[in-house]
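Enquirer: Each protein sequence line maps, in turn, to chains A and B. Heads up: the first sequence begins at 0 in numbering that gives the first Met the number 0, then just goes up one per residue. Heads up: the second sequence begins at 0 in numbering that gives the first Met the number 0, then just goes up one per residue.
These are computed hints drawn from the structure, not numbers from a lab. Incorrect hints may have been included.
Said to hold, decoys possible - As a list, the in silico BS3-like pairs of lysine-lysine whose alpha-carbon atoms are at most 27 Å apart:
#, chain 1, residue 1, chain 2, residue 2
1, A, Lys173, A, Lys188
2, A, Lys26, A, Lys188
3, A, Lys64, A, Lys26
4, B, Lys47, A, Lys188
5, B, Lys75, A, Lys188
6, A, Lys90, A, Lys64
7, B, Lys47, A, Lys90
8, A, Lys158, A, Lys8
9, B, Lys159, B, Lys75
10, B, Lys47, A, Lys114
11, B, Lys75, A, Lys90
12, B, Lys47, B, Lys75
13, A, Lys90, A, Lys158
14, B, Lys75, A, Lys64
To be verified - Pair by pair, the computed Cβ-Cβ distance ranges are:
#, chain 1, residue 1, chain 2, residue 2, range
15, B, Ala147, A, Tyr13, 46 to 56 Å
16, A, Gly191, B, Glu49, 25 to 35 Å
17, A, Lys160, B, Gly135, 33 to 43 Å
18, B, Ala48, A, Gln88, 12 to 22 Å
19, A, Asp43, B, Thr160, 23 to 33 Å
20, A, Asn165, B, Gly117, 45 to 55 Å
21, A, Asp43, B, Lys24, 30 to 40 Å
22, A, Glu189, B, Gly117, 47 to 57 Å
23, B, Ala12, A, Gln88, 35 to 45 Å
Fair warning: this is a prediction, and the values are worked out from it, not measured in the lab. Idealized CB from N, CA, C, for every residue including glycine.
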Amino acid sequence: MMDTLELLKIYNRYRGDAIVVPGRGGKHWVNISTQPNRDLPLGDPAMGGHASFAMGLALALPQQKIVLFDSDGDIQMGMGILATIAEQQPKNFYHFMLDNECYATTGGQPVPLAKTIAYDVIARACGYPRAYAYDNLETFSINIERILFDPGPVFVALKVKPDIENKPIGSRVKWRKRSQVQVVIDMQKELGIAT
Amino acid sequence: MREDHIVSDAQKAALSPEVVLQEMKKNGVTHVVWLPDSETNWLYLLMKAEPWLTLVGVNREGLAFSTAAGIAAGGKTPLILIQNTGLMESGDSMRGWTLGMNVPVVLMVGYRGWTRHGVNTDTAATYTERFLNAFGIQYYLVEDGADAGRISIAFGEAKKTRRPVAVLVADEYHGFN
Chain A
0 MMDTLELLKI
10 YNRYRGDAIV
20 VPGRGGKHWV
30 NISTQPNRDL
40 PLGDPAMGGH
50 ASFAMGLALA
60 LPQQKIVLFD
70 SDGDIQMGMG
80 ILATIAEQQP
90 KNFYHFMLDN
100 ECYATTGGQP
110 VPLAKTIAYD
120 VIARACGYPR
130 AYAYDNLETF
140 SINIERILFD
150 PGPVFVALKV
160 KPDIENKPIG
170 SRVKWRKRSQ
180 VQVVIDMQKE
190 LGIAT
Chain B
0 MREDHIVSDA
10 QKAALSPEVV
20 LQEMKKNGVT
30 HVVWLPDSET
40 NWLYLLMKAE
50 PWLTLVGVNR
60 EGLAFSTAAG
70 IAAGGKTPLI
80 LIQNTGLMES
90 GDSMRGWTLG
100 MNVPVVLMVG
110 YRGWTRHGVN
120 TDTAATYTER
130 FLNAFGIQYY
140 LVEDGADAGR
150 ISIAFGEAKK
160 TRRPVAVLVA
170 DEYHGFN
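Isolated chain B, as found in the complex:
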């Protein structure tokens, strides 16, 4: 067998960008406000091809929260797609533009540095959940495709509580951790 055909069980089970896109459609997402991270390129290519989605690229993650607040005020359904590093940069914007304005929005956050065995060497991972807890933001960990239903749970909770809810994408669409 050629090496590039060897696929681990973890990779077979990985959260696929197609599944993420299905979850977006199922939950009525109209706009994805995003800043790329190293693992979202496949998702980007899929999103770009969908006529029901508008992609709004920002260049600093804090701007994603105020953008999403405007989209939600206009009656549409934004999704924020960023990495945990950018999430931490966004603290005041998240506070003022989403928590302070009762904006129901799901944040899909690439969980850079997360490891299944719990020993991480990346402070981006060290502080991610602590950061969310400091703001009282509920979050759901999505490790692989079998967890994808948690994305819909997050949408339901955001709508019910009129607050941001995070989905931590722990395997960043590839199954390597």
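Only chain A is shown next, with the shape it has when bound in the complex:
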């Protein structure tokens, strides 16, 4: 299993000017990224929606590379979106999934079939032209440049160590520096999108 912080540091070397939706990796990503106006650290607006949000963004911005760090719990909640993404075939969409095998923010309870489910196989069966799975930083770092060079949609399942939180929500450290609304406004300004 990989450390999410180290994994995101490796990705960041190859980011280019991609728009990044860091999902549940956001608390690490906000301290790594050097292009915050091209980031959409949304926290958790409603579980299960990160992939559909990022796909919608990719459809609306076909000239931009959209990179999502989804999670296993989110995917299991809305797995049907994999078929929609495969149908739409957004060539600018790079769908990474952090698989910590549990619901880390609620105390670490396992997701269904945590140890055996093969998300990359599911994505490929849905119609993603490329899907991969990695469980160590060495092979991930060898392959990441090629993954990002080829067109999407691509799905990449990444086994990561869980960052389990067991404190009541109100007493957790707030890692988001901007509101959900503000990060969208900042990205739109960066890209010159009139609303």
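The hints should help you fit chain B onto chain A, whose structure is shown.
Expert: Showing chain B alone in chain A's frame:
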């Protein structure tokens, strides 16, 4: 006169899919995020033929709200086309991805079970307006073609308030209720 040529006044006045499509075009819709219901097939065939529209089919209505939020963040204009049953399934997604993110989006909602005489036997209709009221979402009832202008009113209000606004399609494009 053959029976299949008998058309009631209500059916003549019914909201036609062509009118709905015109309203979409007039209001700059670029993407329709949708899940079919029993009455939208004619509209689907029309939408599919339009090069200015991208159809994004989802398989659970809650995903329509997060999809629409992404499309709107990218500067395009989504429309959500679902049935009231799916609307009720979508509560948390609607809350988090559209209300919470100030997304101006129109929801065209097939009002299953609605009856003009007010006596309904379908709980899908019983709870629809109560559900919208619980979230503080403004809505407009469109019964027939003469009401179609309310669709533009809904778009205007969504843009002005940066919130979702619903259009309840009370006759589901056929005039049978």
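Enquirer: Compare the distance between the alpha carbons of lysine 64 of chain A and lysine 26 of chain A with 27 Å, and conclude whether the hinted pair is satisfied.
Expert: The given pair, whose Cα atoms are some 21 Å apart, holds under the 27 Å limit.
Enquirer: Can you confirm whether the C-alpha distance between lysine 47 of chain B and lysine 114 of chain A stays at or below 27 Å?
Expert: Roughly 42 Å separates the two Cα atoms, so the pair is violated.
Enquirer: Are the Cα atoms of lysine 75 of chain B and lysine 188 of chain A separated by 27 Å or less?
Expert: holds, 15 Å
Enquirer: Holds or violated: 45 to 55 Å for the Cβ distance of asparagine 165 of chain A and glycine 117 of chain B?
Expert: Check passed, 51 Å falls within 45 to 55 Å.
Enquirer: Note whether the CB distance of aspartate 43 of chain A and lysine 24 of chain B lies within 30 to 40 Å or breaks it.
Expert: holds, 36 Å
Enquirer: Lysine 159 of chain B and lysine 75 of chain B were given as a pair; does the straight-line alpha-carbon distance stay at or below 27 Å?
Expert: Judged against 27 Å, a Cα distance of about 16 Å means the pair holds.
Enquirer: Under the criterion that the straight-line Cα-Cα distance not exceed 27 Å, is the pair lysine 75 of chain B, lysine 90 of chain A satisfied?
Expert: Holds, because 18 Å separates the two Cα atoms, which is no more than 27 Å.
Enquirer: Can you confirm whether the C-alpha distance between lysine 90 of chain A and lysine 158 of chain A stays at or below 27 Å?
Expert: holds, 24 Å
Enquirer: Hint says 35 to 45 Å; check whether the CB-CB distance for alanine 12 of chain B and glutamine 88 of chain A agrees.
Expert: Given a distance of about 41 Å, which is inside 35 to 45 Å, the answer is holds.
Enquirer: Range first: 47 to 57 Å. Now tell me if the beta carbons of glutamate 189 of chain A and glycine 117 of chain B are that far apart.
Expert: holds, 51 Å
Enquirer: The hint says 23 to 33 Å between aspartate 43 of chain A and threonine 160 of chain B; measuring C-beta to C-beta, is that right?
Expert: Given a distance of about 24 Å, which is inside 23 to 33 Å, the answer is holds.
Enquirer: Decide if the proposed pair is consistent with the structure: lysine 47 of chain B and lysine 75 of chain B, CA atoms, cutoff 27 Å inclusive.
Expert: Distance ~18 Å between lysine 47 of chain B and lysine 75 of chain B Cα, so the pair holds.
When each numbered hint is compared with the structure, violations occur for hints 4, 10.
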